[in-house]
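Peer 1: Take a look at the letters that make up each chain.
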Amino acid sequence: METDKSKLGSFLFNRSVQGVFYQLITLGLVALGIYYIVTNTARNMLERGLASGFHFLGVESQFDIGMTLIEYSPTSTYFDSFIVGLLNTLLVAGIGILFATIIGFTVGIMRLSSNWLIAKIAEAYVEILRNIPLLLQIFFWYFAVLRALPKPKQSLELYDSFFLNNRGLFIPDTVFGEGSSIIFYLLWLTIIISIGIFIWAKRRQNRTGERFPALYVSTALILGTFFISLAATGFPVSFEYPELKGFNFKGGVKLIPELVALTFALAMYTASFIAEVVRGGIMAVSKGQTEAAKSVGLKQNLILRLIIIPQALRVIVPPLTNQYLNLTKNSSLAAAIAYPDLVLVFAGTALMQTGQAIEIIGMVMGVYLFLSLFTSLIMNLFNRFMKVDGER
Amino acid sequence: MSAANKEIRPPVIELGVMGWLRKNLFSNWYNSLLTIFGLYLLYILIPPLVNWIFLDANFVGSTRDDCTNEGACWIFIQQNIKLIFYGLYPTEELWRINFVYLILLISGVYLLIPNLKHKGWVGAFLLVIFPIICVVMLSGGLGLEAVETRLWGGLFLTLVIAGVGIVLSLPIGVMLALGRRSKLPVVSLLCTIFIEIWRGVPLITVLFMASNMFPLFMPEGVNFDKLIRALIGVMFFSAAYLAEVVRGGLQAMPKGQYEASQAVGLTYWRMMALVILPQSLKMVIPAIIGSFIAIFKDTTLVLVIGLFDFLGIIQFVGTNPDWLGFSHEGYVFAAAVFWVFCYAMSWYSQRLEKKLDTGR
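Line by line, the protein sequences give chains B and C. Take 624 as the starting number for the first sequence in the working numbering and just add one per residue. Take 230 as the starting number for the second sequence in the working numbering and just add one per residue.
Hints were generated in silico from the structure; no laboratory data involved. Please note that the accuracy of each hint is not assured.
[What the hints assert, rightly or not] Computed cross-link-like contacts, BS3-like style, restricted to lysine-lysine with a CA-CA straight-line distance of at most 25 Å:
| no. | chain 1 | residue 1 | chain 2 | residue 2 |
| --- | --- | --- | --- | --- |
| 1 | B | K774 | B | K917 |
| 2 | B | K917 | C | K252 |
| 3 | C | K511 | C | K584 |
| 4 | B | K743 | C | K583 |
Note that the coordinates shown come from a computational prediction; the quantities given were computed from them, not determined experimentally.
Bound-form chain B, shown alone (with noise of 0.2 Å):
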């Protein structure tokens, strides 16, 4: 008898035994909660009539949308929908990140600058910007400033080919004439053997000692390539400019407000917290790396490039990304001020015609979840590429 009570003893109080029941527990009870919520769901849909499924994806929208990248209409379905806003959302993402990443790099090494006026004012535009909301900011871009500038008659232009007026900013169009496409193609293989030179030199460095200026080559190659090709199938690309007719532009390549304000708020917002990565980043190389390398007889600006940026940019990269993330899922604020990205467009419109919550709902934080998981496994990639051999 005694001998029973203390085997059960030791079976109850057994470290994995335990574990294997807390986790069971856990497992029961989320189960549940997700059979409460189903169920629920269920129920309620049936009572208003909702079929669950994706069947209405291949259904006409019946709506039109202010922006579109491709060919839309109110007789497209709503998976056309879908595309166009998720278009329109790497859009604003893709023109956002440029521009965050060269005013944030700007501001953050102006803040490390040794001149006292100019650190002060990167540091007030870092410390102003980053506390203000951003939604706040894309509200004063777009209904202060944008919604204020003048008519088209008066528009704001520069070098006669960029007009910037309340109906939105006015750039000149790049046409593709005959033979283009040779250039386009020479370009990308160009690129390919540019990356090829990168991973060569790369290896031969870490086999001999011996450097190879792969920067130089591969700009040489794909501008010299870029240009002859150009030149000899006769300068096939030219511009349309756009021109004042009537009361609007025609011509050119129009950026609704909506865009030129969520842009231009996104990058502002960004590059606040950019600069504050980079300034982390350069101060982060120590200073013994800077003297090490003078005391080697290293000039300065190979100092900076093989000592000081290399160190720099390890620790920049992971928390960079994880900014153009964030700008990306930022970029779904454009729902507030009506630029048609795929919240407002799928989440919002076709939400509210279908009454598809969950599949929509869902659809769209799909796409969210697959760009930060694809962001991550780009990160890991690159993370692996820098590291430094016999590096931990």
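Fit chain C to the known structure of chain B by using the hints.
Peer 2: Below, chain C without anything else, positioned relative to chain B:
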């Protein structure tokens, strides 16, 4: 006096104002150029801004016709101040909100003054009794007239959402972080999935989900208030971000701390509560306050699902036909208020970081 006794002073040019200017602004030709560029930038930005906000602005009056000067029309803010701060909350009940602010202010100041006794009790009061007082005072009950949440708005609503989000998300975030670090594979997997899903999607889709999908999840007849649905969304969203911050702190804890607490026979929960969490939370306080600032700024998004927070009410007031065309004033005012709140939090976090830096 021999030359050796004479104190050697640095050249005059490196001392005083001139020396500072030389060293920091005009050390070489391109620094001088940059300085001139910076001064020009300030010259084109600052004077017009100061003129618009202060010198040429209108401060006295009651209608838009009183705004005769060139600059900002602050009368617009003055006339709508009640809406901007309290939303549509009934005027005769406003003392209830102010009373809550007063309690918060007194206990907050008490906690911030160093070397006072019974801080623990004040803190416990804030965490346990104060929320009950808030619910009763703000939404009604116990003889107080009920005020529907659709009448809540303005800065008051922003503070409610941010406050509830901050207070509730921290414990949930800590639990999620512990779960993700757990040795039990099922618990760790579930917590990881939960955290990554919330972190991977934008807050706006979470709010859309809270307002559109949440009603479908509930059994018949159960209908949550729109504000509560938004609060749940904000709470889970920020809990996921806080969980990652806390996890950083847990990972930075030396392994010896875990082993030592196990060696003296502490159970898991006692080890976490008495040894690990106090140290690791202290380590990540700046990052936690950073998350709080993010939550505070993110509360502005609730206007997308039709709640009139501080920014929402300023947008709304600007559409009043009597006050059209004053959006600049509204946005500048809102930006200033948000900036003061966020900057104060980040300033406090920097101070705390210095104070808690016990040296390593």
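Peer 1: It remains to establish, for every hint, whether it holds in the given structure.
Peer 2: Taking the hints in turn, this is what the structure says about them:
Our distance criterion of 25 Å between C-alpha atoms is broken by K774 (chain B) and K917 (chain B), whose separation comes to about 58 Å. For the hint pairing K917 (chain B) with K252 (chain C), the CA-to-CA distance comes to about 23 Å; that is within 25 Å, so the pair holds. Taking the CA atoms of K511 (chain C) and K584 (chain C), the gap is about 11 Å. The hint holds against a cut of 25 Å. Only pairs whose Cα atoms come within 25 Å are accepted, and K743 (chain B) paired with K583 (chain C) is accepted, the gap being roughly 22 Å.
Violated hint: 1 only; the structure is consistent with all others.
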